[in-house]
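Chains as they are written, first to last, in the UniProt record's numbering: chain H, 1 to 379; chain L, 1 to 379.
No lab work stands behind these hints: they were computed from the structure. Small disclaimer: the values here were computed from a predicted structure and weren't measured. Please note that a few of the clues may not be correct.
All copies of an identical chain are treated as equivalent in the list; a pair is satisfied when it fits inside any one copy or across any two copies.
Derived pair list, reagent style BS3-like, types lysine-lysine, alpha-carbon separation capped at 25 Å [claimed, not checked]:
no.	residue 1	residue 2
1	K107	K250
2	K56	K71
3	K5	K56
4	K310	K5
5	K121	K310
6	K250	K56
7	K104	K5
8	K250	K310
9	K121	K56
10	K59	K250
11	K102	K310
12	K121	K107
13	K59	K310
14	K107	K56
15	K102	K121
16	K5	K59
17	K104	K310
For reference, the chains in residue letters:
2 protein chains.
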Amino acid sequence: MEPTKRVLSVQSHVVHGYVGNKAATFPLQLLGWDVDAINTVQFSNHAGYRSHGGSKTDKGQLIDIFTILEKNEFTQIDALISGYVPGADGLTALADFAAHLKAKNPKLLFVLDPVMGDDGKMYVANDVLPIYRDRLLPLATVITPNWFEVELMTQIQLTSQDSIRLALRSLHFNHGVRNVVVTSVVVREGSQLSDEVTAAGLRAGSSYSINGASYAINFEDEYILCIASSAHEDPSVAPDVYALAAPRIKGYFSGVGDLFSALVLAHFHEAQHANTDGSPPATTLSISPLAQAASRAFYTTHAVLRRTQKHALALAAQSSEDPSSSNAYTDDELDAREPLRRVRRMRTRELRIVQSRNDIIAANNGSIEAMRAWEGFWG
Amino acid sequence: MEPTKRVLSVQSHVVHGYVGNKAATFPLQLLGWDVDAINTVQFSNHAGYRSHGGSKTDKGQLIDIFTILEKNEFTQIDALISGYVPGADGLTALADFAAHLKAKNPKLLFVLDPVMGDDGKMYVANDVLPIYRDRLLPLATVITPNWFEVELMTQIQLTSQDSIRLALRSLHFNHGVRNVVVTSVVVREGSQLSDEVTAAGLRAGSSYSINGASYAINFEDEYILCIASSAHEDPSVAPDVYALAAPRIKGYFSGVGDLFSALVLAHFHEAQHANTDGSPPATTLSISPLAQAASRAFYTTHAVLRRTQKHALALAAQSSEDPSSSNAYTDDELDAREPLRRVRRMRTRELRIVQSRNDIIAANNGSIEAMRAWEGFWG
């Protein structure tokens, strides 16, 4: 009989599309997890559409749910994952509950995605930052911030290997986080970081293998660098740092971080579990458990994004819009004339997660592009 | 590229366990559906646990979500499914919205589960009954009531073939429902209905084949009869009635109807779709599309229930409870001494849906026990 693996996932819910729990739950279930899902909001769609209906789950409702989960002994869980929680009040309630769960079970796997912003813009209020930094970071087993969230938490700009080193040191040693995955450092061709990444041999190959099919990667002028850093119990041993840079898939897609974090959880648990009982999983990569998890998450996320981009382009090609007008005006100008134009574009970019079922499962079996040890990272 | 199939599902949400959208969404996604999920409540768990936390989505919030779904053109859907909606207010809002969707697209597949009660007990207020009967039934493509809900809607007790005939006639011709699946008529050995079911040859064989493995069925003193009845466009042609009786799996499991209805939707859509484009699916059963859908839904639900029951029994065997005290007292007496005893028992009976991934997919491919035409049903 298949054993029960149970995760409590505290994230947003949207009726249409894939962010928060909608992006996290299905992949986790597909990988065999029972997902106890607390929805921190119920919105018709993500905020990128400009208009949405629905409501937030307030602090009182969250505490009410936490209390009954405890009372009914539903807190016998293998893992906890948190994403977007609106407002400092709700986040404080989550921090209190997470602290309680960790006190009961110090080995609880807690994957924290400190959702604060992206692309240099904060989309939560300023007062959540200290709660993430001071209350939640010390409780987390793994954190999965994007580059901007690392900058917010550490106040260090990620422009070079030097600055990344400083930021990781701060997260590991000032904030007490054992495992850090930085999900999307943008690397521009010709920058200092680009030179350093190239010199360290951290670029993905010229093709990606998904489900036996090989996809060529068109090298362009931007890369996404993903970094996995694990500190050792003995602080005098330098953390293990792995990284991989892959061409950036153009276009803005929502929910990618939520999908990625959920996959890191599933694959990290599996890698750890294999280490614990001594028998390695069928295809262990000879890298750290965190790097293995991040590699698999990266692989699946890439497959989902490729499929989503292909779908969006196919729909755009079918659309009735006069291509000459598209060329003559910017998207913002055309959107202003026709408000639904933006909505329609966003809609085609909802992640094709359901259609990626095989790729989600294949990450455990397929031959994937693994992250590489960042030699000489600590200098 | 896999085509998009999109369903809007309006049901309850529980953090822990599997009822409502938690029971419906994963199987639909596994069968390739994008599920737009509106949660009519967010509770920590289903009501059978006695205590729960969380809140209901009120009428204003539902209308707010419906309005934005329409505005952002998310209502280009292939199907609508509804389950538990608390209160007459919210149900009226759903009826208004469903009427609007059907007016825009008369071919919309609307699977209505008129959730009002089970086992002879109503668990919604009396004032929802007329809304189901007068507003929602005429809009539905398929309804999936249990026997008690049929009795509530038709005011006919289902004790014999005669009474079932009267009830189906009422649903088809007085209430305008084209397709009816009655999910769980309890047939007691030695009753009039039992004799009629046996005479009509509607009993399932002595084993069930699931994923290539064969499971023996232990005939006991109760059967569950599932009936699928489809009316023709020409009302002078008698509806096609199919049925199958299988041994009842003992124990009370929540969410079974929600799971079953979702599966009927997926398999009915596929059967219809195959009929429309002329090319039959790989393994078409030579029965009506509704009976095919109900057979597949029955097969998967049975597999999930068997797995759940096995799991519950395995956990009970491990429990520390003194077996002699279990024998000496009733469950109610033991529960009264130790309130968490009931909670623990309920918890082990949460549907093993995630662990049944292969059975959910296999219903389309495996050899399943098909429903049989109920010869001479109309007399």
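Hint check, failures only
Failing hints, ascending: 1, 3, 5, 6, 10, 11, 12, 13, 14, 15, 16, 17.
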